[in-house]
Amino acid sequence: GEKVEQHESTLSVREGDSAVINCTYTDTASSYFPWYKQEAGKSLHFVIDIRSNVDRKQSQRLIVLLDKKAKRFSLHITATQPEDSAIYFCAASIGSSGNKLIFGIGTLLSVKP
Amino acid sequence: NAGVIQTPRHKVTGKGQEATLWCEPISGHSAVFWYRQTIVQGLEFLTYFRNQAPIDDSGMPKERFSAQMPNQSHSTLKIQSTQPQDSAVYLCASSLGRGSQNTLYFGAGTRLSVL
Numbered sequence: 001g002e003k004v005e006q007h008e009s010t011l012s013v014r015e016g017d018s019a020v021i022n023c024t025y026t027d028t029a030s031s032y033f034p035w036y037k038q039e040a041g042k043s044l045h046f047v048i049d050i051r052s053n054v055d056r057k058q059s060q061r062l063i064v065l066l067d068k069k070a071k072r073f074s075l076h077i078t079a080t081q082p083e084d085s086a087i088y089f090c091a092a093s094i095g096s097s098g099n100k101l102i103f104g105i106g107t108l109l110s111v112k113p
Numbered sequence: 114n115a116g117v118i119q120t121p122r123h124k125v126t127g128k129g130q131e132a133t134l135w136c137e138p139i140s141g142h143s144a145v146f147w148y149r150q151t152i153v154q155g156l157e158f159l160t161y162f163r164n165q166a167p168i169d170d171s172g173m174p175k176e177r178f179s180a181q182m183p184n185q186s187h188s189t190l191k192i193q194s195t196q197p198q199d200s201a202v203y204l205c206a207s208s209l210g211r212g213s214q215n216t217l218y219f220g221a222g223t224r225l226s227v228l
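Protein chains in written order, with the numbering used here: chain A, 1 to 113; chain B, 114 to 228.
Hint data in this document are derived by calculation from the structure and do not stem from the laboratory. Because the structure is a prediction, the values reported are computed rather than measured. Just so you know, even glycine gets a beta-carbon here, dropped at the ideal spot from N, CA and C. Check the hints yourself; a few may be wrong.
[Unchecked claim] Between beta-carbon pairs, the in silico distance windows are:
1. Ser179(B) with Glu83(A): 20 to 28 Å
2. Gln60(A) with Ala166(B): 37 to 45 Å
3. Lys191(B) with Val54(A): 20 to 28 Å
4. Ser12(A) with Arg211(B): 37 to 45 Å
[Claimed, not checked] Heads up, simulated SDA-like pairs for lysine to any residue below, C-alpha to C-alpha not over 25 Å straight-line:
5. Lys42(A) with Val20(A)
6. Lys71(A) with Gly155(B)
7. Lys3(A) with Ser200(B)
8. Lys3(A) with His123(B)
9. Lys3(A) with Ser74(A)
10. Lys37(A) with Pro121(B)
11. Lys175(B) with Glu2(A)
12. Lys42(A) with Lys175(B)
13. Lys191(B) with Val202(B)
14. Lys37(A) with Val202(B)
15. Lys3(A) with Pro121(B)
16. Lys37(A) with Val153(B)
17. Lys3(A) with Tyr218(B)
18. Lys57(A) with Thr216(B)
19. Lys42(A) with Ser200(B)
20. Lys42(A) with His142(B)
21. Lys3(A) with Gly172(B)
22. Lys3(A) with Gln154(B)
23. Lys37(A) with Lys175(B)
24. Lys42(A) with Gln198(B)
25. Lys68(A) with Gln198(B)
26. Lys37(A) with Thr26(A)
27. Lys57(A) with Val202(B)
Bound conformation, chain A alone (with noise of 0.2 Å):
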């Protein structure tokens, strides 16, 4: 079956700096990317997506990127903050609706100050 692999499964940075998890899939009809997030004790809620039609998208400190012919995309994280600290999962859309969506295994990030 079609799968969305997320390459680091644990990732520390220093507060300030960046952080970036990277992402890939197999379903060529993919067409939306989000990205959701789950603190300690919490349940997911989504942060920043990317639509296929575009290949970069900024919401303040996040920034998406989506590489369509290598059927990858990231999330940037500039300026990282502790309450950054979560984990986040990447996450395509699979089959033409579009609507069902299959997940990555998940990035712990841990931002120290």
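Guided by the hints, dock chain B onto chain A, whose structure is given.
Below, chain B without anything else, positioned relative to chain A:
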């Protein structure tokens, strides 16, 4: 807006017993999804409904798992004859489900422990 509500938050069953998990989606959302989260497998898609109709249940273990959406305000996931490997956090999510409105809003989850 209370968000997606899942009950119970925790459920403990003995091996072989039945477990029913409940989900109330956000009012006005037409798509409801069920996922299972474990440390080893991460987030696994189970099934989803759109306008109460089952659309894709390709992630559901066929024999013991079933899901229903009898009305627009709730969905249930039933696991018969629970096994220890069913222990996981079961997450329900809803979305507007219209056009490009794909953002999923997750509930807090039900932690199922099968002893």
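The hints, checked one at a time:
1. Ser179(B) with Glu83(A): 20 to 28 Å: violated (40 Å)
2. Gln60(A) with Ala166(B): 37 to 45 Å: With a Cβ separation near 38 Å, Gln60(A) and Ala166(B) satisfy 37 to 45 Å, so the hint holds.
3. Lys191(B) with Val54(A): 20 to 28 Å: With Cβ atoms ~41 Å apart, the hint is violated.
4. Ser12(A) with Arg211(B): 37 to 45 Å: The hint (37 to 45 Å, Cβ to Cβ) holds, given that Ser12(A) and Arg211(B) are roughly 40 Å apart.
5. Lys42(A) with Val20(A): Holds - the C-alpha atoms of Val20(A) and Lys42(A) are around 22 Å apart, at most 25 Å.
6. Lys71(A) with Gly155(B): Measuring from Cα to Cα gives roughly 21 Å; hence the hint holds.
7. Lys3(A) with Ser200(B): holds (23 Å)
8. Lys3(A) with His123(B): violated (30 Å)
9. Lys3(A) with Ser74(A): With a Cα-Cα distance of about 16 Å, the restraint between Lys3(A) and Ser74(A) holds, given a limit of 25 Å.
10. Lys37(A) with Pro121(B): holds (23 Å)
11. Lys175(B) with Glu2(A): Judged against 25 Å, a Cα distance of about 19 Å means the pair holds.
12. Lys42(A) with Lys175(B): At roughly 29 Å apart (the allowed maximum being 25 Å), Lys175(B) and Lys42(A) break the hint.
13. Lys191(B) with Val202(B): Holds, because 14 Å separates the two Cα atoms, which is no more than 25 Å.
14. Lys37(A) with Val202(B): holds (16 Å)
15. Lys3(A) with Pro121(B): violated (31 Å)
16. Lys37(A) with Val153(B): holds (18 Å)
17. Lys3(A) with Tyr218(B): holds (22 Å)
18. Lys57(A) with Thr216(B): The given pair, whose Cα atoms are some 16 Å apart, holds under the 25 Å limit.
19. Lys42(A) with Ser200(B): OK: Lys42(A) and Ser200(B) at ~18 Å, within 25 Å.
20. Lys42(A) with His142(B): Given pair Lys42(A), His142(B) holds - Cα atoms ~22 Å apart, limit 25 Å.
21. Lys3(A) with Gly172(B): Answer holds: Lys3(A) to Gly172(B) is near 13 Å, not above 25 Å.
22. Lys3(A) with Gln154(B): holds (12 Å)
23. Lys37(A) with Lys175(B): Violated - the C-alpha atoms of Lys175(B) and Lys37(A) are around 30 Å apart, more than 25 Å.
24. Lys42(A) with Gln198(B): With a Cα-Cα distance of about 22 Å, the restraint between Lys42(A) and Gln198(B) holds, given a limit of 25 Å.
25. Lys68(A) with Gln198(B): Violated - the C-alpha atoms of Gln198(B) and Lys68(A) are around 37 Å apart, more than 25 Å.
26. Lys37(A) with Thr26(A): The given pair, whose Cα atoms are some 22 Å apart, holds under the 25 Å limit.
27. Lys57(A) with Val202(B): Not satisfied, since the Cα-Cα distance of roughly 32 Å exceeds 25 Å.
The structure fails to meet hints 1, 3, 8, 12, 15, 23, 25, 27 from the earlier list, while all remaining hints are met.
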